[in-house]
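Visitor: Each chain, letter by letter, is given below.
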Amino acid sequence: MNNIDSYLFISSMLFCLGLFGVITRRNAIAVLMGVELILNAANINFVAFSKFNGMNLDGHIFGLLVIVLAAAEAAVALAIIINIYNNMNTINVDEAAELKR
Amino acid sequence: MIENPMISFPLLILFLPLLSFLILIFFGKRLPRQGDWVAVGSIVFTFLLAVYLFVQMLMNYNPDFSNSASISWIDLGAFKIDLGILVDNLTIVMLLIVTLVSSCTHIFSLEYMKGDIRYHRYYAYLGLFTFSMNGIVLADNLISMYMSWELVGVSSYLLIGHWFEKDSAANASKKAFLTNRVGDIGFFIGIMLLYSAVGAFAFSPIFESISTGESIAGATLTIAGLGIFMGAVGKSSQFPLHIWLPDAMEGPTPVSALMHAATMVAAGVYMCVRLFPIFTPGALTVIAYIGAITAILAAITAITQNDIKKVLAYSTVSQLGFMILAVGTGVYTAAFFHLLTHAMFKANLFYCSGSVIHSMHHALHEAHDHDTDPQDMRNMGGFKEKMPITYYSMLISTLAIAGVPLFSGFLSKDAILAGTLAFAQHHPEHFLLPLFGFSAAAITAFYMFRLIFMTFHGKPSMKSIFKDIHESPTAMTGPIVLLGTLSFFIFYTLPSNFNPIKDKGWFTDLIVPRNSSVPGSLTANEIAEYAHHAHYLAMGLSIAVASIGILLAVLMYQTKTLSAKNISARFGFLYDWSLNKFYFDENYNRFLYQPFMRLANTISWIDWEFYDKYFINGFGRLTKLFSNASGKFDYDGIDQGLVDGFGRFSGIAGKVLRNIQTGRLQNYLLFVVAGILVIIIAQAF
Amino acid sequence: MAEIVFWTIAALTIMSAAFVVLNSQLIYSAVALLFTLFGVAGIYVFLWADFIAGIQILVYVGGILVLVIFGIMLTNKIKSVRISHKSMQQGVGGVVSFWFFIFLFIALTKAPWAISDAVEPIGTVRGIGVLLLTDYLLPFEIISLLLLGALIGAAVLSRGES
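Chains as they are written, first to last, in the working numbering: chain A, 205 to 305; chain B, -5 to 679; chain C, 29 to 190.
It is possible that some hints are incorrect.
Unchecked claim - Footprint (simulated), chain B over chain C, 3 or more residues, beta carbon under 8 Å:
no.: 1; segment: 38 to 50
no.: 2; segment: 115 to 122
What the hints assert, rightly or not - Each pair of labels, with its calculated beta carbon distance range:
no.: 3; chain 1: B; residue 1: A647; chain 2: A; residue 2: N206; range: 53 to 59 Å
no.: 4; chain 1: C; residue 1: G122; chain 2: B; residue 2: T656; range: 16 to 22 Å
no.: 5; chain 1: B; residue 1: T656; chain 2: C; residue 2: S144; range: 44 to 50 Å
Just so you know, the hints here were simulated from the structure itself, not pulled from any lab data.
Note that CB positions come from ideal geometry on N, CA and C, so glycine has one too.
Chain A extracted, bound-state conformation:
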C-alpha cells in the first residue's frame, strides 16, 4: 500500500472483471453492473495517482465528476431498460436485438 503498484493492480483487476462482465452477461442490468465496475476501477486510478503525485487534488475532482456521471448514466440506463422491458417483455440483450417486433 505504500507504492502505487498495489493500487494499480487492484484497479486493473477490477477493470478486467468489469470488462468480462460487459462482454459476457446477457441481462442488460448485469451489463450495467459491469460498467459500474469499470468506472470504479478508473476512479481508483485517478485517486491513486492523485495521492502519489503530491496530493494533487485534481484527481479527486475527476473522481467526483465520474461518480456524478455514473449516477446520471445509471438513472437514464435504468429508465431505458424499464422501457424496453415494458415493450418487449424481456431484457435479454440477445432477444431484444430486433428493431421492430
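For chain A, the structure is supplied; the task is to place chains B and C on it using the hints.
Guide: Frame of chain A, contents of chains B and C only:
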C-alpha cells in the same frame, strides 16, 4: 565484237524469231490478220541475213573460218558457264538451211492454215521453234546446246499437238516429247561425264583436253560419247527411239516439212557432226550400226504404208539412218552434205504432199464427204493433169531421193555409200553396213516411185471427187517450185564443177572434215583417201540398185505387170510385219509401259492404302488422343480445380466469415478487445 | 497491521467483483456489487481520499445500487428470489479479459511513473471545495446541467407513451 557483222547478224538471226514469238503469243489475237505478217516478215528478214552471211562465206572462201563470242553467265569461281556463239562455215550453211525452210513453211502456211482456229499461236510456235533451232546451230558449248535442244522438243510438242482436240494428235505430241526425253537422259549423262573429266562445257577446251588423252580416255570416253549420241537417237528418231516420228505426222503438214524433215530431226545429225572429234572408234561402230539398222528397218516399213505422209515419215527416218551411218563410218561431212540435200528435197516432198492433201480436203468438202481419209493414197490417182506444178516438182524431188544422177541426192548418197564401202574394206567383219546401206537405197527408190505412181498416175480411184481436184494457190506452189529447183545437182557443185557425177564444189571445199580428237583415230585425210578409192565402185553400185528399185516400182504400179496383192500374199508374214511397223509400239507397250504402270499402281496402292491410312492417319489419331488428354487436363483439372476452386474457396470463406457478423454487441466488443490485444502483442514483438 | 487490513479489503473487493460478474443470479450480483463498492470506498480511505470515500458510499451505494435493485425488481416477473440469466461466450471472453489484465499489469508495473511523496492532509474537503469553485467551475456547472438533463430524461423515459 558486236560491230562485226559475222557476230551481230547471227545474233539477230537468233533473236528475231524469239521476238516474233513473244509478240504473237501476247498480242497475236488483236493484231490485224492475227499477226502472220509479223512472223513472215521476221523470218524472211532472217533469211536475207543468212543469205548475206552465205555470200560473205563464199567470198572469203576460207575453209578454216571460225569466229566466236561469249558472255559469262554463271561464275562461281570453281564452276563457270559461259554462253556463247560459234560461227564457222558449218554454222552458216546450217543457218541458211533453217531460215530457208522456215521461210518456205511460213509462206506455205499462209494458205494451208488459212482460217485455222489457233492461227496466231501456230505462227508464234513456229517462231519459237526457229529460235531454238538456231540456238542449237549457234551453240559453242554443251549447256547452250542442251538448253536449245530441250526448247526444240517443247516446240515440237506444241506444234504436233496443234489440233489437240483430236486424241490422236494429243497422244502423238506426248509420245514425241517423252521419247525425246528418254534420249535426253543419255545426252545429259554424257555432258556431265565430259564435264567431270574435262572441267569445261565449251567445245574447243573439250577437244583439246581429249586429244591429250589424260583427262578422259578409253571406256569412259566411249560411254560419254554414246551418252551424247543417245540425244541424237532420240531427236533424230533412230532405232530404238524412232517410234515417235511417224505419229508426229498428226501435226500440220508445213510443220512436218519444217521440223520432221529438214531441221529438228537433223539437229541430232548436226550435233554428231559438231562433236565428231569426241567419238572413239568403239562408239563410232555402235553409231554406224544403229544408223544402218534404222535405215533398213524404216525402208521396209515404208513399202506397205498407204498414208502419203506416213510414207514420207518413214522415208525421213530411213534417210536419217543414212546420215548417222555416215557419221559412224567416218565420212561425217558426207552426212552433213546429205543433211543439206535431204532438207531441200524432203521439205519439198512434204509441201507437195501438203498441196495434194489440201486439194483432197477441198474436194471432199465440196462433196460433203467427211468419212474418206484425204491422206490415203488409195483414194488418189491420176492427179498428174490436175496438179501439174505439184506433180513435176514432186517428181524432181523423188528422183533426187532415189539417187538418180543429175540430182542432188545422188551426190550425197553416193558419198555416204562410198564411205561405208571403204569402212567395210578396212574392217571386213562389218560387211553388214554397206549391205544394209545399198539395200535401203534400193528400197527407197522403190517406195518413193510407188508413191508417185499411186498418187499421180493411173486412173482416179474416186471419180466422184476427181473433178474438184485443182492446183494449189501461189502461196503454196511458190515454195514448191523453189525447193524443186534446188533439188538439182548444179547448186552444190558450183563454182567450178559442172560434172554431175562429181561432188566437188563449194560445199566440199568449205566444209572440210577435222581430225578426231581421240588419240589413235584415223586422221581426216586418211578417211578421205579410203573413201576416194571406193568412190567409183560405190557409184556404179548405187546407180544399179536405184534402177532395180525404180524398175520394180514401174512393174508393180505403173504397168501393173506384177501384182502387188500376190506378192504380199506370198511374203505373208513379212508384209504383215512391214504394215504393222515391226510391232515396235505393241512390244514397247507390253514389255515397258505395262510393267511400269503396274509398278506405279503398286506404289500408289502402298502409298494410299498403307502409308496414308496407317501411318499418316495414325499420327492423326495420336494427335487427337493427345489433344483430348490435354483438353481434359485443361477443363477438368485446371479449370475445375484451380479456377472454379478459387471461386468455391471464396464462397466457403465468405460463409465462414459471415459468422463474425453476429449482430450482437457483446461479440463486437469482444472482438475490439481481442484486436487491441493482438495489436499490442504484435507491437511488443 | 495496515498492510494486512489493506490487502484484506482489496481481496474483499476483488472477490466481490468476481462474484458480480460470474454469478448467474441477478440479486446475488447486486448484493456482491454492494460489497464491491464498499470495498472500493475502503481503498479510497487508504488513499487519504476521505471525501471521495464518503461520496462513494452516499451516491454509489445509496443511490445507484438502490436504482439497480429497483430496476431488477421492475424488469423481471418475480416469482422467487431466484432470478437467473445465463451468460454467453464466457470462454473466449475469459481468455481475452485475462490476457488484457496481464497486459495492463505488465504495462502499469513497468511504466516509470513520476512519483512524488506527499504528506497526509488534514482533510480533502476544503481543498476539493475550493477547486470546484475556482479551477473547475465550468465542469462543475456543466455537470450540474448534465444531472438536470439526466433527471428530465429519465423522467420522460419512464413516463411511458401516453
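Visitor: Are there at least three residues in the segment 115 to 122 of chain C whose beta carbon sits under 8 Å from a beta carbon of chain B?
Guide: Per the Cβ count (4), the hint holds.
Visitor: The hint says 53 to 59 Å between A647/B and N206/A; measuring C-beta to C-beta, is that right?
Guide: 55 Å, holds
Visitor: Do at least three Cβ atoms from the segment 38 to 50 of chain C come closer than 8 Å to Cβ atoms of chain B?
Guide: violated (count 0)
Visitor: Holds or violated: 44 to 50 Å for the Cβ distance of T656/B and S144/C?
Guide: Once the Cβ atoms are compared, 48 Å apart, the range 44 to 50 Å for S144/C and T656/B holds.
Visitor: In this structure, is the beta-carbon distance linking G122/C and T656/B contained in 16 to 22 Å?
Guide: 18 Å, holds
Hint 1 from the list above is the single one not met by this structure.
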